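Novice: Using the sequences and the hints, build the whole thing.
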Amino acid sequence: MDVESGSVHLVDDLAYEMIPLWQDNSKEELVKKLQDRYPQEDICDTYDEIGELKKEGRLFTEDIYRNYVDAFKARPVQVKALCLHIAHDCNLACRYCFAGEGEYHGRRALMSYEVGRKALDFLVQNSGNHRNLEVDFFGGEPTMNFEVVKQLVAYGRSLEKPHNKNFRFTLTTNGMLIDDDVIDFANREMSNVVLSLDGRREVHDRFRVDYQGRGSFDTIVPKFQKLVAARGGKNYYMRGTFTHNNPDFLEDIKEMLRLGFHELSMEPVVAAPDDPSALTEDDLPVVLAQYEKLAQLMLDCEREKKPFTFYHYMIDLKGGPCIYKRISGCGSGTEYMAVTPWGDLYPCHQFVGEEKFRLGDIFSGVSNHAMQDEFFTCNVYARKECRDCWARLYCSGGCAANAYHATGSVRGVYEYGCKLFKKRMECAIALAVAKELET
Amino acid sequence: MKHIKTINHTVLKDSMAAGGCGECQTSCQSACKTSCTVGNQHCENKNR
Numbered sequence: 000m001d002v003e004s005g006s007v008h009l010v011d012d013l014a015y016e017m018i019p020l021w022q023d024n025s026k027e028e029l030v031k032k033l034q035d036r037y038p039q040e041d042i043c044d045t046y047d048e049i050g051e052l053k054k055e056g057r058l059f060t061e062d063i064y065r066n067y068v069d070a071f072k073a074r075p076v077q078v079k080a081l082c083l084h085i086a087h088d089c090n091l092a093c094r095y096c097f098a099g100e101g102e103y104h105g106r107r108a109l110m111s112y113e114v115g116r117k118a119l120d121f122l123v124q125n126s127g128n129h130r131n132l133e134v135d136f137f138g139g140e141p142t143m144n145f146e147v148v149k150q151l152v153a154y155g156r157s158l159e160k161p162h163n164k165n166f167r168f169t170l171t172t173n174g175m176l177i178d179d180d181v182i183d184f185a186n187r188e189m190s191n192v193v194l195s196l197d198g199r200r201e202v203h204d205r206f207r208v209d210y211q212g213r214g215s216f217d218t219i220v221p222k223f224q225k226l227v228a229a230r231g232g233k234n235y236y237m238r239g240t241f242t243h244n245n246p247d248f249l250e251d252i253k254e255m256l257r258l259g260f261h262e263l264s265m266e267p268v269v270a271a272p273d274d275p276s277a278l279t280e281d282d283l284p285v286v287l288a289q290y291e292k293l294a295q296l297m298l299d300c301e302r303e304k305k306p307f308t309f310y311h312y313m314i315d316l317k318g319g320p321c322i323y324k325r326i327s328g329c330g331s332g333t334e335y336m337a338v339t340p341w342g343d344l345y346p347c348h349q350f351v352g353e354e355k356f357r358l359g360d361i362f363s364g365v366s367n368h369a370m371q372d373e374f375f376t377c378n379v380y381a382r383k384e385c386r387d388c389w390a391r392l393y394c395s396g397g398c399a400a401n402a403y404h405a406t407g408s409v410r411g412v413y414e415y416g417c418k419l420f421k422k423r424m425e426c427a428i429a430l431a432v433a434k435e436l437e438t
Numbered sequence: 000m001k002h003i004k005t006i007n008h009t010v011l012k013d014s015m016a017a018g019g020c021g022e023c024q025t026s027c028q029s030a031c032k033t034s035c036t037v038g039n040q041h042c043e044n045k046n047r
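Taken in sequence, the protein lines are chains L and D. Last residue of the first sequence: 438 in numbering that gives the first Met the number 0, with the numbers rising by one and none dropped. Last residue of the second sequence: 47 in numbering that gives the first Met the number 0, with the numbers rising by one and none dropped.
Hints were generated in silico from the structure; no laboratory data involved. Just so it is clear, the structure is predicted and the values come from calculations on it, not from any experiment. Check before you lean on any hint, since a few could be wrong.
Unchecked claim - Just the calculated beta-carbon pair ranges, DEER-fashion:
no., chain 1, residue 1, chain 2, residue 2, range
1, D, N44, L, R36, 39 to 49 Å
2, L, D273, D, K1, 34 to 44 Å
3, L, K26, D, K4, 20 to 30 Å
4, L, W389, D, N44, 24 to 34 Å
5, D, K4, L, T308, 22 to 32 Å
To be verified - Calculated lysine-lysine pairs in the PhoX-like style (CA-CA distance at most 25 Å, straight line):
no., chain 1, residue 1, chain 2, residue 2
6, L, K160, D, K45
7, D, K1, L, K26
8, D, K1, L, K422
9, D, K12, L, K383
10, D, K1, L, K32
11, D, K1, L, K53
12, L, K117, L, K164
13, D, K1, L, K31
14, L, K421, D, K12
15, L, K317, D, K12
16, L, K54, D, K12
17, L, K317, D, K1
What the hints assert, rightly or not - Quick look at which bits of chain L chain D covers, simulated, 3 or more residues with Cβ under 8 Å:
no., region
18, 92-104
19, 279-288
By construction, the Cβ of each residue, glycine as well, lies at the ideal position given by its N, Cα and C atoms.
Specialist: Have a look at this one:
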C-alpha cells in the first residue's frame, strides 16, 4: 500500500522485491542485482511499471497534507455530533463497564427533557453549515429514561425544517427493557441501533450481570432478535466486548451469527492493566490470529452469499473518507462531545467523570478553551510514533481516551491498541482486495 | 501492467479539492465507542 495516496497494489514476487530498491537504484543496477533470479525483460518491465505508478502519484507519494491540517483545524468550531448521556444509571452491573456501571464514577441521574432540549439547541446553534447532525442516546442504559428519548426525538424533528438540519438519532442499549414500544420507536426513528451482546452465553454472562449477579443473555437475546427482525433492513450493530477471558472472540462472533445477527462489531475491553479482565501480552497472538480467521470467515460468507459484516472491516478502497477526515482526528472535544444528565460537556463519553476534562456546559457553551485546544491539535500529526505508521490514515491518530488511559496523555500512544488496530486494517484491506479479485 | 495490479484508481490527493464538508458520520457514533476507526466511514459528499 502506498500510504499517502491510499493506493493498494497487488504485486508479484519480482515487483515486491524491487519496489524498496527502486528509488536508490538505476534500471541497470537492478538488472544486475536481480538477473540471477528473474528474466531481464521482466526486470525492465517491472522497473517501468513502478516508474509509471510514481509518475501517476500512486507510489512513493510524499506527504503533502501536513501543511493543510493546521488550516483545516483552525476553522471555526462546528459541532455536529453529541453523545447524550440520557441516563447515568443502569439495570445491569457489567463487571468491566468503563462507565462504572452507568454512573461514570459520579452520581446516578436521569437527563431531564429540559436539559436534553437545551443540548439539541446547543447542537443546532453550534453546527454552522453542517446539515447532518448526530445524536446518540447513551448511558448507562438509555431505555431507563425512554420517555425523554421520545420527547427529544420529537423536539429534534421539529428543529429540522426551520434550521435545514437532518437529525440522525442512534440508540445504544443493553436490551433489558426492550419491548414492543421500544422496538416500534427505535425502528421508526433511530438510524442505527447498537445492541450490546458479548457472544456465547457463558462469555456474556460472566460480565453482563444484573445487581444480583444473574446473567442477562437469556433475557436479551429474544428481545434483540425481535427488534432486528422488525427493523426491516435498517442499520444496526451488535456490539460485543472481548476480554482476557475470551481472546478467542471469533467463537463469540460465530454465536452471534448462529443467533441470526449479521451486522457485528467486537471491541477489545477498556480496562486498567491491573484489572483481571484486561488483555495481556500473552493474549495478543491469540487475538491477532482471531482477526485473520475473522477475515477468512467474512470472505467465506461473501462467497456463499450469506450476510455478514464486521464493522472494522467495512473498508471501501475506492471511496471512503476524504483526506481531511483521515488527518483531522476523531473529532472528540471539537465536533463531537458528550453531555451529562445535568448538561456538562466533555470531549467524549469516555472522559465523562474526569473533572479536568470538563469543557463547559450546554447552557453557556465551552469555557475550558485550553482543554478544547488540546483536542483541536489531537490529529494524525500529533504523535511522532504515527508519522511512519502505514495505518495512520485509517485511524487518524487513534482514540484520545485510549491514549490517555494508557499513558496519562491524550497525545500518548496506546501501543497495544495500535497493534490490534493495524492487524484489523491489514485484514480489512486484504479482504477488500480478495473481494475485488473475485468480482 | 503485468507485474503490478492497482486495486483502487482513486488517490487521496484528489479528495483535497472537494473534501472536508464534514457531513460524514463521526466515527464513535456508530458501533465502536471505544476505539477510533476513520477509514471505514462512508463519504457523504456528492461533489467528490
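Novice: K1/D and K26/L: Cα distance at most 25 Å?
Specialist: holds (17 Å)
Novice: Compare the distance between the alpha carbons of K117/L and K164/L with 25 Å, and conclude whether the hinted pair is satisfied.
Specialist: holds (16 Å)
Novice: K160/L and K45/D: Cα distance at most 25 Å?
Specialist: The hint holds at about 21 Å.
Novice: Is the gap between the beta carbons of K4/D and T308/L within 22 to 32 Å?
Specialist: Holds, at about 25 Å.
Novice: For the pair we were handed, K317/L and K12/D, check the Cα-Cα distance against 25 Å.
Specialist: holds (13 Å)
Novice: For the pair supplied as a hint, K1/D and K32/L, confirm whether the alpha-carbon distance does not exceed 25 Å.
Specialist: holds (20 Å)
Novice: Tell me if the straight-line CA distance from K1/D to K53/L falls inside 25 Å.
Specialist: holds (16 Å)
Novice: Straight-line Cα separation of K1/D and K422/L no greater than 25 Å?
Specialist: Violated: K1/D and K422/L sit about 29 Å apart, past 25 Å.
Novice: Verify the coverage statement for the region 92-104 of chain L against chain D, using a C-beta to C-beta distance below 8 Å and requiring 3 or more qualifying residues.
Specialist: Coverage by chain D is violated here, the residue count being 1 at a Cβ distance below 8 Å.
Novice: Just to be sure I understand the hint, the distance between the Cβ atoms of K26/L and K4/D should be within 20 to 30 Å; is that true here?
Specialist: holds (22 Å)
Novice: For the pair supplied as a hint, K317/L and K1/D, confirm whether the alpha-carbon distance does not exceed 25 Å.
Specialist: Between K317/L and K1/D the Cα gap is close to 21 Å, so the pair holds against 25 Å.
Novice: Given the hint that K12/D pairs with K383/L, test it: the Cα-Cα distance must not exceed 25 Å.
Specialist: holds (22 Å)
Of the numbered hints listed earlier, those contradicted by the structure are 2, 8, 18 and 19.
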